[in-house]
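Just so you know, the protein sequences line up as chains F and V, in that order.
Just so we're aligned, residue 1 is where the first sequence starts under my numbering, counting upward by one.
Just so we're aligned, residue 1001 is where the second sequence starts under my numbering, counting upward by one.
Honestly, I wouldn't trust all of these hints.
So these bits of chain F aren't anywhere near chain V, every CB distance computed over 12 Å [what the hints assert, rightly or not]:
#1 E11
#2 V63
#3 V191
#4 K309
#5 D358
#6 G381
In silico contact screen, one side only, chain F against chain V (beta carbon under 10 Å); selected entries [as the list claims (entries may be wrong)]:
#7 E50
#8 L146
#9 T148
#10 K162
#11 I165
#12 A224
To be clear, the hints were calculated from the coordinates, so they are not data collected in a lab.
Where a beta carbon is used, it is the ideal one built from N, C-alpha and C, also for glycine.
2 protein chains.
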Amino acid sequence: MFNEYFTMSEEQAIQYAKEKLTIFDENEALACKEIGDGNLNYIFKVFSTESDRSIIIKQSGPVARISDEFKLSPDRNRIEYEILKYQDELAPGLVPKVYQYDPIMNCTVMDDLSDHVIMRTEMINRKQFPKFSQDITDFMVKTLLLTTDVCLEHKHKKDLVKNFINPELCEISEDLVYTEPFSDNNNRNDVFPPNTAWVEEHLYGDDALKLETAKLKFEFMNNAQSLVHGDLHTGSIFVKEDSTKIIDPEFAFYGPMGYDVGNVIANLIFTWANADAYGDAVHKAWVEKTIVEVVDLFREKFLTTWAEKATEYTANYKGFNEAYLESVLKDTSAVTGLESIRRTVGLAHVKDITMIEDAEKRARAERMVMMAGKRFIMERGAFLTGADFLNVIKGVESQF
Amino acid sequence: MFNEYFTMSEEQAIQYAKEKLTIFDENEALACKEIGDGNLNYIFKVFSTESDRSIIIKQSGPVARISDEFKLSPDRNRIEYEILKYQDELAPGLVPKVYQYDPIMNCTVMDDLSDHVIMRTEMINRKQFPKFSQDITDFMVKTLLLTTDVCLEHKHKKDLVKNFINPELCEISEDLVYTEPFSDNNNRNDVFPPNTAWVEEHLYGDDALKLETAKLKFEFMNNAQSLVHGDLHTGSIFVKEDSTKIIDPEFAFYGPMGYDVGNVIANLIFTWANADAYGDAVHKAWVEKTIVEVVDLFREKFLTTWAEKATEYTANYKGFNEAYLESVLKDTSAVTGLESIRRTVGLAHVKDITMIEDAEKRARAERMVMMAGKRFIMERGAFLTGADFLNVIKGVESQF
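I would like the entire structure built from these sequences, with the hints used as guidance.
The following block contains the structure:
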């Protein structure tokens, strides 16, 4: 029955699990719930009603679930399967295990992580996760530095570049992150009305800013540095007290390493702005500490891993590790700024900001985030430590 | 007989032309001469002894012709065929026409350009070509700018990146251009003995220079900017009085645009150094004028073509065309320097220099070229016009 593609129902997902997987006993009673809340895919949780066994089947059709008109190659499912397998080798324990990929049904079978919660939700609940900065920097240094020409044989790395070329999902980022937030022409922006005039003046009207975003867009499109996750916001991270799992790498491609690091920092800034708006000093302090740790642990692990794993001959030239790291932190700063801005004015908002009910507080939160974002873009290269990043945020806080 | 790969003899190439091509009449008497002088491929010129019809069959085996142990994927023949077809659309008349590609015999059939002469040979004969700077800048602006994200739909451009990933031939450049000339460890350098001490001090011993070459190597490996020729020296250019044809694009891949422009300039510098050594003021003056024209015409045509052909939305942002061009000229300067140095001390020399019989004059020529090369690397970004480039050359001339 699964010889030709169709979008599965919950019943059919159970059938699929029975026919195609060996994880459940033959006559085990199974149930299924479709738990996807994204725009693109279907996520079937198939679970035993007799044991604690369960599994996720993630299906990606030829069209997005939000609209038949929004066509996307199901190749993203292959990319996701292959990269999850690879990331599990590079950074064991930090991604869900994948078991099989079915190119006909366009689905991937993977661990059920129902005991974890999406990090954005937990941030909105203002919970703290003591292992987070260690885990996320482990994940980033291992998946990013180890996939560069610093550590990989260059011909093999080029095969990976080829394998992970991802035109459609990159196009989404090119438009939504790099173009539309800065353009008053033909965009899908969704600006919070109290900030309309601000956005027109400080984004659409700032030619110097726009010029830098154009340079950064080309950096995003051309710099095949590292196998990036490509969508590493707090909605792509599952957490529980003692565990962090990075999911949804369907945007993965060879791009600038700083793209991932900057996404993590920007999304921490959103939860910081939320804590600020609600006057939660404890969570705010934890987030500030976490931002500093993410940058500084990334720096530290990057240099240690370079020393241990670099295979490229020139990697040992005096000062090259530091110079390379500085360029990564420059990109990190830029992307922190781009993500801060695009999630505020662009098509895809974050709940950390939109849930702020008091209009004045929300407007202030947005302007702080965007103002910091502009500095991260315009002065990228000037921020090289956790303290530098934090200073930008504390700087805009004192301005508003 | 051509159902399975074998390296053809001249007789078999005639047979191939009779069986597989329609260019000759059925009973036309044919002759063949293998005219390849490179290290990798066989070039069969098959010609009629009754008419003026002739054709080139270029065959690339699974091993290089210089050594069975030097294995290279015959995929380079497909790349060459596809890029020649594409370049002929982009820059009509500036590359040989290709007629067919045979993936079994790994050969491409193309125009016979026997009425042209390899430009390096003509430079050594100190002939001048009045159309050269116009033609080469036409070729570069059209094949380079038109294949970037400035002018191409980005998903289509990513398909081209994928199609032209060229691991083996890129590795040759990574090693021979970016690594070995600056390293006294495990290299295949071939240093002219009178310059050994100079090279040890000013190349192998210069940590600041080495650091910059490492950054540039990563730029070469990662910056998928434009579909570059990848080997655009004067040995890859056929000229006659009124015609220029760019050949041998088997090193083509998506890389930094400045790689091609810098190769052209460096190879003009070699003929300049040759004319200097032999006291040929006329040729030297023509080369100086040509270097200035190549840079300035490239600038001018780049900006005109950008204005006419850019499709990317951000390409119209104020100042982005100039900023982009400056970064191309920065790369151009760096590659001018790298090629100047690697052709002097590295494995692959140029006849313009090696033919200088007087050891003192040759040593001086080499040092001028390498000294200019170092400035082009270390001060890249400072040279934005033809006059700027020429000043570097005139500067080293006055130093020695």
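Of all the hints given earlier, name the ones this structure violates by number, lowest first.
Numbers 7 and 8, in rising order.
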